[in-house]
Amino acid sequence: MTTRFRKFLGDSALSFPTWAYMLFFFALPVALVMWYSFGFKPDQFTTHSMEQLSLGRYREVVSPTFLSVFTATLRISIVGTLACLVIAVPFAYWLAVKVPPGRRGLLLALVLVPFWTNFLVRTLGWQIILSPDGFVSEALQGIGLLGSPLDILYSRAAVQIGVIYNYLPLMILPLFVAMDSAGVQLREASADLGAGKWRTFFQVTLPLATPGVVSGCLLVFIPLTGDYITASVLGGANGTMIGQLVANQFQNAQNWALGSAMAVVLMLFTLAVVVVTALLALVVKAIIKHVGRVELPTGQHAGPDAGTAADLPAGSGVRQAEAAVSGTTTGGPHA
Amino acid sequence: MPERIRRRSLTDTALWVWGAVVFLFLFLPIAVIVLYSFNNGRLLASFDELGVQAYVSGLQNDVIIASVMTSLKAATGTALLATVLGTFGGIALARATKGAKWPVLLTALLALTLVTPEVVDGIAMLPWFVTLGVDAGLTPFNNGLFRLVIAHTAFSTAIVTFIIRARMAGIDSSLEEAAEDLGATKWRSFRDVTLPLAGPGIFAGALMAFTLSLDNTILSSFVQQPGYTPWPVYIFSAVRVALRPEVAAISTAMLVLTLLALALVGLVLKRSGNSSSQIVKTMAGS
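Chains as they are written, first to last, in my numbering: chain B, 1 to 335; chain G, 1001 to 1286.
Hints in this document: simulated from the structure, not taken from any laboratory.
Any given hint could turn out to be false.
Stated by the list, open to error - Below are the EDC-like pairs computed for lysine to aspartate or glutamate, each with C-alpha atoms no more than 16 Å apart in a straight line:
#1 B:Lys98 - B:Asp43
#2 B:Lys197 - G:Asp1012
#3 B:Lys41 - B:Glu51
#4 G:Lys1098 - G:Asp1012
#5 B:Lys98 - G:Asp1012
#6 G:Lys1186 - G:Glu1176
Claimed, not checked - Using C-beta positions, here's what the derived DEER-type ranges look like:
#7 B:Lys197 - G:Leu1072: 40 to 50 Å
#8 B:Gly56 - G:Val1130: 17 to 27 Å
#9 B:Leu85 - G:Asp1012: 17 to 27 Å
#10 B:Gln52 - G:Ala1136: 17 to 27 Å
#11 G:Ala1136 - B:Gln254: 17 to 27 Å
#12 G:Ala1066 - B:Leu53: 39 to 49 Å
On a predicted model such as this, the values are computed, not experimentally measured, just so you know.
For every residue, glycine included, the Cβ atom is placed at its ideal position computed from N, Cα and C.
My request is simple: use the sequences and hints to build the entire structure.
Here you go:
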């Protein structure tokens, strides 16, 4: 009995410090925020009061200002995520498939350089590039492409460029890992079986990279939705994001109750996106497995083979989910 | 047949061009910052004349140096603490008995920290630190550096844990079992077998925690205390007033130092016999 007990404890005891830390410095404070969201701001000098609990702050959250900022934020983060995906898919494919293996390490290291440059400093670089009296503006005017100085800084377009740039490496890395670990053998097999280049890409490489696509999209979407640094550097007053509204309630308005309610809404929304994405990925996987099933024309012999071919994406998908998780780690919710 | 060959090389060319364009895009703002750090003018954005004035005055600016030092100290502390927590958590998760419930719960809790927007972490930490430090009288929580380390660790532990779990999941537990069969105590087999095996994962996790802490702006701006302003928060407040070339100069210096340190790490890993792709993947934590 004691050995059994010890075995049980030895198994989980190692994780106790992690448990304790995450509960004490994450779960508890976040629970506190949820609690505050049911309170109110009694007077000018008090941040919150819990004497009367109500859903009043949530009603305040659903105001036209909040909703318009919310939709604007959502538009920027959806467009940003899709743009990152469109840029990163061919790029990751090129890096994983076309670049000779000897040079791959160096190029991958180069992709990581922006990642190791301070987030704000990179954004400042764009502020200089996009500024009306910057060198780009002058060059465009010089060759006659622009009649007046470049008018893009402090607009939504500038914010969009900035976020695409800032989160692009987080899309490239998991995609690269997924495409790289799919290996050259399957692509060669596909070519040997007579599939063209495009067919191989869409029926072999891309389906196998689905976990990478999913984790890349989440890695970009989640921090992007909460980010307000990029927007306030490049968008000025036109770049108000939802995170900024939440921060303002705490840093300027000193209304913790309302700020907490906004934060809870933001958090639940992000969580909902993650769940929906995961479900969507499962559906897509099922469809791929169903539609992409390879039926070999020859009689009985082909039976088991066809089965194996169809099962393959699912099987290696599991392995890649692991890779995708470590991909998740890579990016981390960056700055 | 010739037509087919030509079409193939066309898509290939397009891919190589795309690769080059994306690299240009990735390096454009960094190149601009490096270039503008040699701006002798008063304002960063308007290039005046070429010179190293910004480096000289940046290194003499006590506020800037203090904030860079704060960031480096916080990042070191975070790397240490998050790596210890992540190593324990990651190994425990990878070696958990099948069917146990706690690994699922712990993974869910850690995943939750990853999907929580940073601003939520920030607003949750601030009142919590006030409660602990002022109301409960735990004075360390009033120290700016301590606060930064605690807060940064809370949001990087999940990443470190997952990196180490991924590393350990790929290694058979039979080695540890063999050590115990040979008479090693549980602690001894952990210290002499498990930890060295987890080595690359631990290293990648520490590097990742260090980077995340160094880069963190939003969370830091909530928990910071006067006298302990980390470097990104300093830059963010400077953006609102006026940006001087010193910011670019110090950032360039930090970038060069970071790259040198990483190159050194890569060299050490190469000496120990890893391929270049492996090294980069290790450093990126995947």
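16 Å Cα cutoff - pair Lys98 (chain B), Asp1012 (chain G): This hinted pair holds, its Cα atoms lying about 8 Å apart.
Restraint check for Lys98 (chain B) with Asp43 (chain B), where alpha carbons must lie at most 16 Å apart: Roughly 64 Å separates the two Cα atoms, so the pair is violated.
Range agreement (Cβ of Asp1012 (chain G) with Cβ of Leu85 (chain B), hint 17 to 27 Å): 22 Å, holds
Range hint compliance [Cβ, Gln52 (chain B) to Ala1136 (chain G), 17 to 27 Å]: Holds, at about 26 Å.
Gly56 (chain B) versus Val1130 (chain G) beta-carbon gap, inside 17 to 27 Å or not: 24 Å, holds
Hint consistency between Lys197 (chain B) and Asp1012 (chain G) [alpha-carbon to alpha-carbon, up to 16 Å]: 11 Å, holds
Range hint 39 to 49 Å (beta carbons of Ala1066 (chain G) and Leu53 (chain B)) holds or violated: 44 Å, holds
Ala1136 (chain G) versus Gln254 (chain B) beta-carbon gap, inside 17 to 27 Å or not: At roughly 22 Å between Cβ atoms, Gln254 (chain B) and Ala1136 (chain G) fall inside 17 to 27 Å, so the hint holds.
16 Å Cα cutoff - pair Lys1186 (chain G), Glu1176 (chain G): 9 Å, holds
Proposed proximity, Glu51 (chain B) with Lys41 (chain B) (alpha carbon, max 16 Å): 10 Å, holds
Agreement of Lys1098 (chain G) and Asp1012 (chain G) with the hint, judged by alpha carbon distance not exceeding 16 Å: Distance ~47 Å between Lys1098 (chain G) and Asp1012 (chain G) Cα, so the pair is violated.
Pairwise beta carbon distance, Lys197 (chain B) to Leu1072 (chain G), judged against the given window 40 to 50 Å: Hint holds: Cβ distance 49 Å, inside 40 to 50 Å.
The structure is inconsistent with the numbered hints 1, 4, although it conforms to all the rest.
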